[in-house]
Amino acid sequence: MFQRMARNLSREEDADGARRSKLDDAKIGASKALRILDKMQDRCWCVTGADHGELSIQNDSVYGAAVVLPQVARSCEWPGTLIAAVSRTYFYTFLNFALQAFLLSMVAEEQHFWYPFAGQMHLCNYGASMQDCPGAPNCVGPGGTALSYPRLYDYDIWSTRTFLKQSMQAVLHLVPESIDHVDAGEYGMENFNCRCLCIFLFMLAVVDDLEDNMNLTRTLAMVPTSNESWIAFDVPDWGSKEDVKALHESEEKDFIRYEVSGMPLHWKLFNACFILLPKILLWLALVRSGVHYLMETAGIVDVVVNAMALTFILQVDEIVFQRLCSTVTKDIMSKLDPKAMYNLSEVDTETDAEALAYFNEVELKRGWKSVIFKIFPMRMFIIILCQCLFLLDYYISNCEKLKDGSWVSKDMHLPADMAYNPLSLMFGMVREQDAAYWTMPKS
2 MFQRMARNLS REEDADGARR SKLDDAKIGA SKALRILDKM QDRCWCVTGA
52 DHGELSIQND SVYGAAVVLP QVARSCEWPG TLIAAVSRTY FYTFLNFALQ
102 AFLLSMVAEE QHFWYPFAGQ MHLCNYGASM QDCPGAPNCV GPGGTALSYP
152 RLYDYDIWST RTFLKQSMQA VLHLVPESID HVDAGEYGME NFNCRCLCIF
202 LFMLAVVDDL EDNMNLTRTL AMVPTSNESW IAFDVPDWGS KEDVKALHES
252 EEKDFIRYEV SGMPLHWKLF NACFILLPKI LLWLALVRSG VHYLMETAGI
302 VDVVVNAMAL TFILQVDEIV FQRLCSTVTK DIMSKLDPKA MYNLSEVDTE
352 TDAEALAYFN EVELKRGWKS VIFKIFPMRM FIIILCQCLF LLDYYISNCE
402 KLKDGSWVSK DMHLPADMAY NPLSLMFGMV REQDAAYWTM PKS
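2 is the number of the first residue of the sequence shown in this note's numbering; add one for each residue after it.
Be a bit skeptical, because a hint or two may be false.
Unchecked claim - Here are the simulated lysine to aspartate or glutamate pairs, EDC-like style, with alpha carbons at most 16 angstroms apart: (1) K246 - E229; (2) K331 - D61; (3) K33 - E351; (4) K33 - D353; (5) K40 - E347; (6) K340 - E351; (7) K375 - D39; (8) K443 - D394; (9) K254 - E243; (10) K23 - D353; (11) K340 - E229; (12) K402 - D418.
What the hints assert, rightly or not - Distance windows between CB atoms, simulated: (13) C195 - Y421: 28 to 36 angstroms; (14) A119 - N422: 15 to 23 angstroms; (15) S227 - I257: 34 to 42 angstroms; (16) Y150 - M223: 25 to 33 angstroms; (17) A310 - K254: 46 to 54 angstroms.
Calculated directly from the structure, the hints in this document are not laboratory data. This structure is a prediction, so every number in the text was calculated from the model and none was measured. The beta carbon of each residue, even a glycine, is placed where N, CA and C say it ideally should be.
Hey, can you work out the whole structure from these sequences and the hints?
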């Protein structure tokens, strides 16, 4: 159909003897650009098909280097220089795993060991609707009294004031009624909306690593399971190497090409088990610990600052790559080309008249359903979905809902074992004592 329309357009132009207008030039450019970009991008961000998207590997991380360098070395029968580079890369990958796991376990140790020993309960939704108090949910604090702005404190100040009040009662042997005028205040959050927004920004910052995990997953799954080469010396076939050098002022290194290609099955399994799986587990542990930490942060400034500070842990792999990896590794990774899953021959071979006809008949006549589908912010939807899932995990694990709709902390227990176990700390699997050191006061 488009060929027939293109021929008609060509005949009309020949009959009129008119030159192509600037508007038609713009339409032709848009026609080609939109189709090329549509094929290059992933349709649903996490899905790659046979006719769109690219198979890529993160090129600024020690994780990506641990996948790519062994394949380059395998492609040229394991030369000594690349064996050394692969060995160093694996060592740095293990070092990165250890650093990230240690940092995450220390954050978790603070949450699961030292918060309980300080007598702290989970923040949950204490003070979330304080502007509507009294009479609204979440209006009673962990001390069992009504929350209000003048008597709201963070945990350190509130626990100190509560300790002083209890000490006065114990030391001076005063009856409770005579010391009621000493108000310890209450513990609660300063702003519920700010906390939710900061968690969204935190998810926005860590979702890049989620995308890297998805890219690596589908690359391992979709590259051919074969012994293909990841390195080639590619000289254009339209002339000799000397002619190409003279014309483009090229050097020998400009003909070296690295590309994501096929991988033997045993390498796929190795990378999935020892690179991808630990990377996914570290991401899950960080996001879970990060959401927990931000949910337990009561102050506005503290939650804003901590939202971005926590993402530093996920940047350790990039810091290790930039500071420790060799020039050989960095050069290979910087030149690595993705494997295209699309074919642009249709766009490359069509005439300008065909491109113009396609634009007029398809792009300019798209229905509202097609436009609305393209408007839908899929990436934002995935980020919000992840935020909701991790918030749900926090509330289910640490809070309980009262009849009036308030979300309050579950009974708090001290840890039963202080032995350092990074996996149990990172994923919240800490054994607790049977006796509770704090329970929500009955109102």
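Going through the hints against the structure:
no.: 1; hint: K246 - E229; verdict: 28 angstroms, violated
no.: 2; hint: K331 - D61; verdict: 8 angstroms, holds
no.: 3; hint: K33 - E351; verdict: 10 angstroms, holds
no.: 4; hint: K33 - D353; verdict: 9 angstroms, holds
no.: 5; hint: K40 - E347; verdict: 12 angstroms, holds
no.: 6; hint: K340 - E351; verdict: 24 angstroms, violated
no.: 7; hint: K375 - D39; verdict: 11 angstroms, holds
no.: 8; hint: K443 - D394; verdict: 25 angstroms, violated
no.: 9; hint: K254 - E243; verdict: 13 angstroms, holds
no.: 10; hint: K23 - D353; verdict: 13 angstroms, holds
no.: 11; hint: K340 - E229; verdict: 12 angstroms, holds
no.: 12; hint: K402 - D418; verdict: 29 angstroms, violated
no.: 13; hint: C195 - Y421: 28 to 36 angstroms; verdict: 34 angstroms, holds
no.: 14; hint: A119 - N422: 15 to 23 angstroms; verdict: 21 angstroms, holds
no.: 15; hint: S227 - I257: 34 to 42 angstroms; verdict: 22 angstroms, violated
no.: 16; hint: Y150 - M223: 25 to 33 angstroms; verdict: 56 angstroms, violated
no.: 17; hint: A310 - K254: 46 to 54 angstroms; verdict: 40 angstroms, violated
Hint compliance for this structure: hints 1, 6, 8, 12, 15, 16 and 17 are not met, and every other hint is.
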